[in-house]
Amino acid sequence: MTFLSPERLWLLALLPLLAAAYVLLQLRRRTYAVRFTNLALLQHVAPRRPGWRRHIAAALFLAMITLMTVGFARPAGNVKVPRDRATIMVAVDVSLSMMARDVTPSRLDAAKDAAKKFIQDLPARFNVGVVAFAGNANLIAAPTTDRANAIASLDRLTLAKRTAIGEAVFTCLQGIGSFDAQARQDPPPAHIVLLSDGDNTTGRSVQEAVDASRAAHVPVSTIAFGTPYGTVDIEGETTSVSVNKETLRTLAESTDGKAYEAADAGQLSDVYTHIGSSLGFTTEHRDITARFTGLALLLALGAAGTSLFWFSRLP
Numbered sequence: 001m002t003f004l005s006p007e008r009l010w011l012l013a014l015l016p017l018l019a020a021a022y023v024l025l026q027l028r029r030r031t032y033a034v035r036f037t038n039l040a041l042l043q044h045v046a047p048r049r050p051g052w053r054r055h056i057a058a059a060l061f062l063a064m065i066t067l068m069t070v071g072f073a074r075p076a077g078n079v080k081v082p083r084d085r086a087t088i089m090v091a092v093d094v095s096l097s098m099m100a101r102d103v104t105p106s107r108l109d110a111a112k113d114a115a116k117k118f119i120q121d122l123p124a125r126f127n128v129g130v131v132a133f134a135g136n137a138n139l140i141a142a143p144t145t146d147r148a149n150a151i152a153s154l155d156r157l158t159l160a161k162r163t164a165i166g167e168a169v170f171t172c173l174q175g176i177g178s179f180d181a182q183a184r185q186d187p188p189p190a191h192i193v194l195l196s197d198g199d200n201t202t203g204r205s206v207q208e209a210v211d212a213s214r215a216a217h218v219p220v221s222t223i224a225f226g227t228p229y230g231t232v233d234i235e236g237e238t239t240s241v242s243v244n245k246e247t248l249r250t251l252a253e254s255t256d257g258k259a260y261e262a263a264d265a266g267q268l269s270d271v272y273t274h275i276g277s278s279l280g281f282t283t284e285h286r287d288i289t290a291r292f293t294g295l296a297l298l299l300a301l302g303a304a305g306t307s308l309f310w311f312s313r314l315p
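In this text, residue positions in the sequence shown follow the UniProt record's numbering: the first is 1, and each later residue adds one.
None of these hints come from the bench; they were simulated from the model.
Among the hints, a few may not be true.
Quick list of in silico lysine to any residue cross-link-like pairs, SDA-like style, CA-CA up to 25 Å [to be verified]: (1) Lys161 - Ser242; (2) Lys258 - Thr66; (3) Lys161 - Pro228; (4) Lys116 - Asn138; (5) Lys112 - Thr201; (6) Lys80 - Ser242.
Computed spacing ranges between beta-carbons, pair by pair [unchecked claim]: (7) Gly77 - Asn149: 12 to 22 Å; (8) Lys80 - Leu27: 45 to 55 Å; (9) Ala124 - Glu284: 27 to 37 Å; (10) Asp113 - Thr239: 21 to 31 Å; (11) His285 - Leu11: 16 to 26 Å; (12) Ser205 - Glu237: 23 to 33 Å; (13) Thr201 - Thr145: 30 to 40 Å; (14) Lys80 - Ile56: 55 to 65 Å; (15) Gly77 - Ala148: 35 to 45 Å; (16) Ala148 - Glu7: 30 to 40 Å.
Glycine is no exception: its CB is placed at the ideal position from the N, C-alpha and C atoms.
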């Protein structure tokens, strides 16, 4: 925590003086009591009260003054702030390998279900777009806050040959750049979530995609979808389709994103939930005076309440 007006903290030096003045008043009060020699009469004109109660209101009052002084110095700290214009692009692999049923009911069906839940759970202010990729990549839902359109686009996915991971990233970046009129000069905070089983077999390379994402300051988080034991039947032949985790991890880590592994739909839901929550806020250094003012008000109420309750007077 820092202070925007730190010179005002010198006022805290007055607090020991206030505390000392309070102690002196208490000592003087005791001295006057001792000078009153008729002790029997003293018990009637100045009945004895529990000493510790007398000091609680004063302690609360001093704590209140301390917090108000700190607030007067304008404290500032890191505050989580909702991200405006945040745009998330969800890229879904629709290559033939996604037919594999090592994830129930299939890699693609599980991915679609998890993607739908992710989109539904995003904050309403987020914009979301969807890209489908196989031998090429297509923007099937432009980034908007229209959740129904994004979800409906996932139901229209069709499988095709080959896998163009690099092209998927470039298509996502184009979708982000065309988000609104100011997107090219002032791009919105964005993140790409790419779900695939891992091999880039056509189109621009993963390294080209990394370079473009870094230049645009858009992280790419990847989800390695499936298990090492997946197979698909293509034209009557059974083909092994294991996951290439290394390619996806390289793409994620090189763009400051995160690489995940999801072997089933349940894990995928957890992954999507984590990504959505991490994108919701940015950290800014902001004035937090209100926090100290609020606590000071509570202490003031406490000091007044205890004094009225025990002594029928304000401190």
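Against the structure, the hints:
no., hint, in the structure
1, Lys161 - Ser242, "holds, 16 Å"
2, Lys258 - Thr66, "violated, 44 Å"
3, Lys161 - Pro228, "holds, 20 Å"
4, Lys116 - Asn138, "holds, 18 Å"
5, Lys112 - Thr201, "holds, 22 Å"
6, Lys80 - Ser242, "violated, 40 Å"
7, Gly77 - Asn149: 12 to 22 Å, "violated, 39 Å"
8, Lys80 - Leu27: 45 to 55 Å, "holds, 49 Å"
9, Ala124 - Glu284: 27 to 37 Å, "violated, 21 Å"
10, Asp113 - Thr239: 21 to 31 Å, "holds, 25 Å"
11, His285 - Leu11: 16 to 26 Å, "holds, 24 Å"
12, Ser205 - Glu237: 23 to 33 Å, "holds, 28 Å"
13, Thr201 - Thr145: 30 to 40 Å, "holds, 34 Å"
14, Lys80 - Ile56: 55 to 65 Å, "violated, 36 Å"
15, Gly77 - Ala148: 35 to 45 Å, "holds, 39 Å"
16, Ala148 - Glu7: 30 to 40 Å, "violated, 55 Å"
Comparing the model with each numbered hint stated earlier shows that hints 2, 6, 7, 9, 14 and 16 do not hold.
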